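Combine the two chains into a complex, taking the hints into account.
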Amino acid sequence: MTIVNTLLPFTASAISFIFAYFVFVRYFEKKRPHLLLWGVGMIFYGVGGFCEGYYGAFGWNPFVYRLWYLFGAILVAAWLGQGTVYLLARRNWVHGLMILLALGSLWGLFKVFTAELDPSLLTTSLHTGSELSGHAIVTPGVRSLTPIFNLYGTVTLVGGAIYSSWIFFRKRFLLHRTVGNIFIAVGALAPAFGGAFSRAGVPAALYIGELLGAILMFIGFRRATSPMEENQQ
Amino acid sequence: MSEKNSSPDRKYPTFYEKFIPIAIFILAVIVVGMLIFTLAIGVGAIQFS
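Protein chains in written order, with our numbering: chain A, 1 to 233; chain B, 1001 to 1049.
Isolated chain B, as found in the complex (with noise of 0.2 Å):
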């Protein structure tokens, strides 16, 4: 039975191996806050001149 391995054996150059994972999760984290506070402005929960 074969096991799954979410890292694949290839490896990116240390420094990108550990800034990439952190700059795409803030990248995330900034967009759904956007939605979110699109979403809010939307329904009227925010007023926003």
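Chain A extracted, bound-state conformation (with noise of 0.2 Å):
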């Protein structure tokens, strides 16, 4: 047990949460779809976390470790991805790739939670050992599904984020939006870049990324929905 692997994912994991509740307070202000869905993201992200410290305090648990890579691995970004989704698009074909990523969850959820585990297979050569990693499913068609979900949620979460801001800043308009998107953004690439760093083997990678990426986005929501003073010419 180190600080690294317990204390960095513990705290991106109550973080997330705190953010959670935030982002549902909005919800049953609004009632907007997209603000029910990056909620459920951020409880997805917030397990994720929270199973990562268990795995650094406790050690070894397959039911959650199954929890982590279904939650922290496969599913967090597509969800918080179709949240900006329903925020953009509000098309009936946004409904279709709901169901279709509600019909993936629940196939994912199936997949995880029948899959061979073998922990001794946790840590490979490139892996640094501080941090989870998918290797321990030895299950053909379970870990093929992350890369699938992951580049789902990172293109609509970070894509949109980039296009709102964009958009609010061509009209040079709501400027705590356009500044609260590019933290999003920056948030929201922090674990991708994390995870790249941990698999090339940086130790503590993967969880300062996720650490961050909370931080970040939570500051991105905050400040995208507190507006600021803007000196207009």
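Treat the hints as calculated values from the structure; they're not laboratory data.
Pairs of lysine-lysine residues, derived as BS3-like cross-links and limited to a Cα-Cα distance of at most 30 Å, are as follows:
1. LYS171(A) <-> LYS1011(B)
2. LYS171(A) <-> LYS1018(B)
3. LYS31(A) <-> LYS171(A)
4. LYS171(A) <-> LYS30(A)
Derived DEER-like restraints, expressed as beta-carbon distance ranges:
5. GLY1044(B) <-> TRP107(A): 17 to 27 Å
6. PRO227(A) <-> ILE1046(B): 38 to 48 Å
7. ILE1046(B) <-> MET228(A): 41 to 51 Å
8. ARG1010(B) <-> ILE99(A): 33 to 43 Å
9. PHE1015(B) <-> ASP118(A): 48 to 58 Å
10. ILE1036(B) <-> ALA102(A): 26 to 36 Å
Treat the numbers as computed from the prediction; the structure is a model and nothing was measured. Ideal placement from N, C-alpha and C gives every residue a C-beta, glycine not left out.
In structure tokens, the structure reads:
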């Protein structure tokens, strides 16, 4: 047990749950579906972080590992990204994507909880060993789900935030939304970079990336929902 | 005939006028780079353990 693999993920988890609380409060005020999906996505983020902290503090547990892989590795980005799709598109086909995501998530749940695990394969030569990795899942067809969900989630969440930021900037309108979306985009990219550096053998990179991601997205959300003074000429 | 101007009359504070387009550009490059990288892995051009 180290500070890196317990404190960092537990802190990221706590921030995610607090973030989710603020998002749900706004959802109950506004009743907009993107807020509901973002809230659910941040709950997934918090569950993932909690499972990582649990692994750091108490070691291997198959149920906690499956929870981590389902919520932290597969679903979180896609559900957050689906929220952004609801925010920006507002068309009927978005409901079709939502149904696909829900069915895909149920399929992921089934695959992860029926997969065979081998904790001796948790670390590889490139991995630091201080963070959870998906290598312990030995059943074929489970880990291949992850890039599909994460690609969809990253493109929609980060791409949507960049697009929103650009639209507001072009019109020089609602500065707080422009700035907030940049924070959200950077925060959403942080775990992806953390994961890449972790695979390359940089210790703690994943957990640092996830903590930074939770903090920056929280700042971005608060910034985007709190108007700031603008000097307009 | 009216002349179209891509830059509106309204302006953000100077810092944001300079910082925001740079940030958006860098982020867009990163996302496009990630997509190309993912595509390269998908078609087998890059082996990633």
